[in-house]
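Asks: Respectively, the protein sequence lines represent chains A and B. Just so we're on the same page, our numbering is the position in the first sequence counted from 1, plus 82. Just so we're on the same page, our numbering is the position in the second sequence counted from 1, plus 585.
None of these hints come from the bench; they were simulated from the model. Careful, some of the hints might be misleading.
[Unchecked claim] In silico lysine-lysine, DSS-like type, Cα no more than 30 angstroms apart, as pairs:
(1) A/315 / B/885
(2) B/606 / A/315
(3) A/205 / A/231
(4) B/606 / A/513
(5) A/486 / B/902
(6) A/445 / B/606
(7) A/231 / B/606
(8) B/885 / A/408
(9) A/516 / B/885
(10) B/885 / A/86
(11) B/1086 / A/479
(12) B/1040 / A/479
(13) A/513 / B/885
(14) B/885 / A/334
(15) A/486 / B/885
(16) B/1040 / A/516
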Amino acid sequence: MALKSFRGGVRPAGGKELTRGKPIQFYLPKGDLVFPLSQHTGKPAIPVVKKGDPVLAGQVIAKADGYNSANIISSGSGKVKAIEARMTTAGVVDRCIVIENDGQFTLAEGIGTPCNYQDLTDKEIIQKIMDAGVIGLGQGVTGVPTHVKLTPAHPEDIDYFIANGSECEPYITCDEQLMAEKPEWVVGGLKIALRLFPEAKGVIAIEADKKDAIEAISSEIKGNGRIEVMPLKVKYPQGSERNLVHAVTGRKMASDDTPENLGCVINNVTTLAAVYHAVCMNEPLMEKGFTVTGDAVANPGNFMVKLGTNLRELLEAAGGLKAEPKKVIIGGPMMGMAITNLDRPVAKPYNALICLTEDPVEKADGQLTHCIRCGRCARACPVGLVPQMLAFYAERKDYDRYIKLHGLDCLGCGACTYICPAKRPLMQLFKLTKGTIAHNEAVQAAKNAEKEAATV
Amino acid sequence: MNGLLNVSSAPHIRSRLTTGKVMYDVILALLPASVFGVYLYGLHAFLILAASVVTAVLTEFVFDFLCHRPNTLSDGSAVVTGLLLGLSLPPTVPLYVPYLGALFAILFVKCLFGGLGQNVVNPALAGRCFLMISFSSAMSNFAVDGVSSATPLAVLNGGGTVDVLEMFLGFGGGVIGVSGAALLIGGLYLLLCGTITWHIPVTVIASFALAMGLGGEGGFHPLYLLAEVCGGGLLMAAFFMANDPVTSPVTVRGQAAYGIIVGLLAAVLRIYGSTADNVSYSILLCNLAVPLIDRVAIPKPFGLGDNKRKPKPKLPKAALALMVIALISGVALGAVNMVTAPAIEAQALAANAASYLAVLPGAEEVGYEDEVSAALESLDGTEFGRNTVNEAVVGTDASGNNVGCAINVTNSQAFDGTLSVSVGIAPDGTILGIAFTELNETPGKGMLCDEPAFKDQFAGINSSALVLGTDIDGVSGATVSSSSVVSAVNAALAFYNEFLK
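Only chain B is shown next, with the shape it has when bound in the complex (with noise of 0.2 angstroms):
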């Protein structure tokens, strides 16, 4: 014995568990949903997987080597950040759009704010959320080769059923880690071997599915429950995404509380909410809020006042703020929307006095004729599928002749909420045109529903329903806005033939 001795501080065993154990265990999780999308998608997807990934890794290193500080990739943690973003894009991205996300996310995400551990937010969920603002056509566009398809949830929005199954497979379509099936097999694996624990996924999911059969269209219906669960990149979040353990809470408690929020809030986005990505900015909100969760639920020491009497809980004020904060704006919200109501009605009547001067050619006046406003009245809100008939007129030219009429429909299930259309319908039953009053839809996308091109395909149709794809052409990757408009001009005829014929 003449070497000398170490000494440290006690414990003097560790566990083999390291940080790069636990970042490798979730790369390997991750495998089988990359292998099954790249085999769905093909040699694109994995360039994608690979952009991503390659940027990601690429990026800490030069940053820690600008910046003179230790070389962190062994801990994994970039590889992780690259492959979900990679898996949480569409196979359909151009290569730059990877790119960009894993820049953004390594960069601004997770270095600037320190590296490893000390990022605010999810990186991957912050670049894939960079990327739908700043992408948006790109990032909604889930056509391969050329065959545009609605993505399962989006047909679930529209109203329309899809095959559970299928979709919870992968074969439904969507993003590159589409396969809920896959994506499950890596969380179980990382339940099983202790890398992550129950509470974050199970309440997620939980409080998510409860939410939604609360709230939902299709209520407690179990395969509209699971369709819901296993569309939209739930499973990834669970198990992936909200589960990053450097933006969850640390206290079992925190988990719990923080998962029911994450589930709550991701329903009420899908429910209410206009975007697809209510999944992300619901995990995204959440990060920001565990500083505040943490304090909250930080557990009693074992003991503490079991003897004795216990002390008060306490709100702390912080969230007491935000409490009292939340309710004056809410009720500030409330009360403008109050006030500015009727002349937001007023204008919407104006608009819609247009757009039957538009779809009425050769009009000269529109005005309310009592048979049409009685057979409307006679209506009483009953809905044509998801559509409601607003108003219907009748037209007429200089000499006073009948050139037809107009009805307005409004539309509940457009891919931003509603959209309303006036249609003009000749005497004949013949389509003389048609004019949005309400049109909310993605820039670049569903707004190209106002544009001619896709406007101008209903004229001079004389059906009592039209088909979208076989009569009028939808807009390329505006799958939900097309055939919402398809399904409100259908309402229109049936409207006009069941009463006015």
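One chain only, chain A, in its complex shape (with noise of 0.2 angstroms):
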């Protein structure tokens, strides 16, 4: 039976190569552990420690603010040396708490302890991944908190819970290591996870060239009749949301749906992973799987790093730089950010640093041609839009136009700038036109609201 997934897309040449396998390193940080309060999506956390506070790891630093925010964890112990603004792993400068860090980790009480989740009921499994502070832990910038995406509003409609093992952006290794060497931890908070939705069959969605994690998983849900691992082609980005869904129901998601409305609820599987620790080891989130690689990284290795780590010392844990680097991403080489510099912490939502001595973007540049209208990137898309007449009204500011082409549904997987032989910088255009169309619509509704306010 052929591969599933989606329409679209490209293959980019790998990076995988330089960590695939390599085993998980449990690295312990000397240095400060650095907090930024916003890691999620919706409002930042609120500090309850103060400055000269002692703190254990497991113990919550920041409280969430609401339902759609996460408690901050924090993952070393020491004591509070400062509740400042520093510059966040985002290259934003945002509040963040700052930990001394002892260096001993001693542990808050009851971190750690084993606990049944049978005996539990679903609102006490969920109060303790909320508790944990987990949010969404695949690749993006924001993260939504977990335990809004285990509860829609519909629970007994969901059929499918996917965990999401696609992995789809090159160079990144570090969940399909996890998922080869802790198989047992995916598929413990996926079992946790399908007991919160009792209709639903959980499939772990894994692409294909992923054999030592499609083994470890297919051999630790042996007898389980109600999780299946799926291999999909290999193929970017067979890991974004609509397609995942796509691929594995065969139901179109739209681009202003949910996945819940589709009877689907996703999550990466270093969340469930995080899922498993925060219910059955009462363990919340502290620690999370990072790759450090790059042809200018000495040593590329798969981590498990303790959040608000500094990138400039785990990247030492790599063995340091083997090169001078031209470019520093931090997440995958598609969808990432590249960065001014490595005094920076690792966050939930990031999961590699990537150091490369050549920078494509720079050689692209002195290829640039006029568009060709090869249609590349229309048969790239993995949405079905056609990014050169996008392109094309984006660079002419028609705003209108590029609405009605469904400009506003681009995924911004980069697909179509990877591909375009005349290395037009759609991406960026598009991010360009996007943030633009949203302010203008944003100064419209101020404008309109002053105006109602100003006729009552």
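Dock chain to chain to rebuild the complex, using the hints, since each chain is given by itself in its own frame.
Replies: Here is the structure:
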């Protein structure tokens, strides 16, 4: 049977071979730990510690502000050094809690004691996940708190619970390695989730080239009638929500729709591992899988790293640099962010640090030509847009036409930009245009509100 | 890590594919056909290709330089245009022809529209059509080493049969890039390495073959269809010209629609049209329709409306307007034709009468004779090959003596559709002369049939059937026209011998 997938997409070459199969190293940082208060969607968390307070590993240092927010947990022990504005991973200056690490990692009381989830009620399970500060840990700039995803309006309508192990970005292998080494974590998390959705079938979707991961998970789920492993075609962006839902269920999700409406809940495999730790081990979210790779890194590898660890320190743990990098990317090379310096912490939604000695974008800029209308972008677009036409109108600032051609449906996956032989900076143009449209709309809305206020 | 880091918007990696690589792949794919053409036609063919490529490259370079634009030669598109143009020229043209063609293609069709990616129609094709119009005689002269031969397609149109395999391999004669096999190798290479997709070539060839099967002379006979597909540059057009990304639609649906229209239009022009360049014109016309096709063929975004009610598909206003205009002009043309048809017929009769006197020396008047008219009626539309006997009259001199009869015949397979000729035959069967009542052939070539040098060869021959090349020397470069005339005269002789002798 042909492997399931979606229409369009690209096959970015390699990068994964640098770290594929390399065992996970558990790294304990020595330096200060930095926790941005905003690592999730929703409002920033509210600090519950003050400067000078002693903290233990696993202790809540900032409380969620509302249901769509998430707790921040200290991953080490020591004392609060400062609560101040610092550069976050995303390159924004934001409030962070800085903890002076005593290197002991002394656990707070009750952390790490096993617990059988069968003895808990659904409500208790959700509460535990909420307390543990678990958010979507897959690739993404913002993570939705997991307890929100696990409590849709109609849980009885959910018939697919999808564990996203596709990891379609080049270079990154931490999810793959996690599934291969710790399948019990992922499957454990999935079993807990399936408790919450009695009608749902569990599907662990993994790209077909991750053979070790598929094998490990398959043997872990043996005998469980509710869970299956589904190998998917190796194609980017296989892991995007809409494409994943289509590949697994055949259902087509529109841009303004949610997976819940189509009977699906999707969680990354790393998130499920965190759910397993939160519920069965009483361990809140303190560490996550992270790949440090790139041709400038001496010893590329997969890590289980404490949140808040300084990227520079982590890079040293991977043998440091063997060559001068020209570009450093946090996250995957397709959707990640190029960063200016390494003095940033590991935050929840990021899963890789890539140091490259060559900058392919710089090279591409030298090969820029006019669009030759070859249509490769339209064939690559996973949501069926025509980037060539969108770019035409975006360049001319014709926002009405841009919207009419469904330009706002763009996922931002960058497949069009990757494949473009003329090296047009399409993705950049779309990001700019979408931002401008959103800004214009906000300005217009504010004006309307003002007018209304004036007439009343 | 002391150096500054590069920061840019995602994605941070790019495919290896560049515009230059796409163009160089196309050049590589054209090499088999070029090498074969040079092998077949020798040094002059090579000089034509070289002149075309060099002119194309130089023109672009000079234009960029004079207009202070960045040098765009490295993208290789000028070389592709030059090579394609060169391959679509006959191997006999003087070297100023490819020079002018490439100059026109690059300067007027490409650079003035904004260069790579901005041109509206395919530069190589536009260049070729420019040359066809400007140097029609040189552009249709396929004689190599002084041996004049009709191209296989011309023979096919003339009702002859051709060796399809010979034609496919490229030994049948034609332009430099004549070898269908070599072009196909190049096209398959492009398909396999992913430089082009199958949509346009397959739809062009399939829709063309289907239309030729439905409307062509040979129906769905496989050999006939193969010959039509292999001839007239259709393969080159399907793989290299219709497929030019710049002037074809962006979306897959648009490309399929475009390919079908190109194929159909080429077939219609080949069946009904009078130009040998049917494929070129078909593609140029469709190039102009690409913006419209692009608008209609925008795909539905993934999942849009799948879980809700579907929006009604709408035909864009421009398409509707075009349809209405086409309908109105069609009706108007038809009406004008209906009104003027009787007048045209009367004029034709008068013209025929004059021609009868011209081909019957000494005749004072011509008239119908019962016997002759009865014979004509008994034909009841029977055709002599591809000829129709229209009329037969008997001429008498001042004293009422029979000086012979004149027969008017129409041949339907001339180069430009039909030609009609009146043939005067003496009572002893000797041809007295011929005169054209309808001749619309290529100026400077087919039209030379009307010159005494050709016409006068017929007078005085007493034979039951004439052979071109033996009894009659054809007009050089107008094989089809010449053979049509001979065929028409033979039909007149056959009619005479059967009924009037």
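Asks: None of the hints should be skipped; say for each whether it holds.
Replies: The hints, checked one at a time:
| no. | hint | verdict |
| --- | --- | --- |
| 1 | A/315 / B/885 | holds, 23 angstroms |
| 2 | B/606 / A/315 | holds, 27 angstroms |
| 3 | A/205 / A/231 | holds, 14 angstroms |
| 4 | B/606 / A/513 | holds, 28 angstroms |
| 5 | A/486 / B/902 | holds, 17 angstroms |
| 6 | A/445 / B/606 | holds, 15 angstroms |
| 7 | A/231 / B/606 | violated, 46 angstroms |
| 8 | B/885 / A/408 | violated, 40 angstroms |
| 9 | A/516 / B/885 | holds, 20 angstroms |
| 10 | B/885 / A/86 | holds, 21 angstroms |
| 11 | B/1086 / A/479 | violated, 83 angstroms |
| 12 | B/1040 / A/479 | violated, 68 angstroms |
| 13 | A/513 / B/885 | holds, 21 angstroms |
| 14 | B/885 / A/334 | holds, 12 angstroms |
| 15 | A/486 / B/885 | holds, 12 angstroms |
| 16 | B/1040 / A/516 | violated, 75 angstroms |
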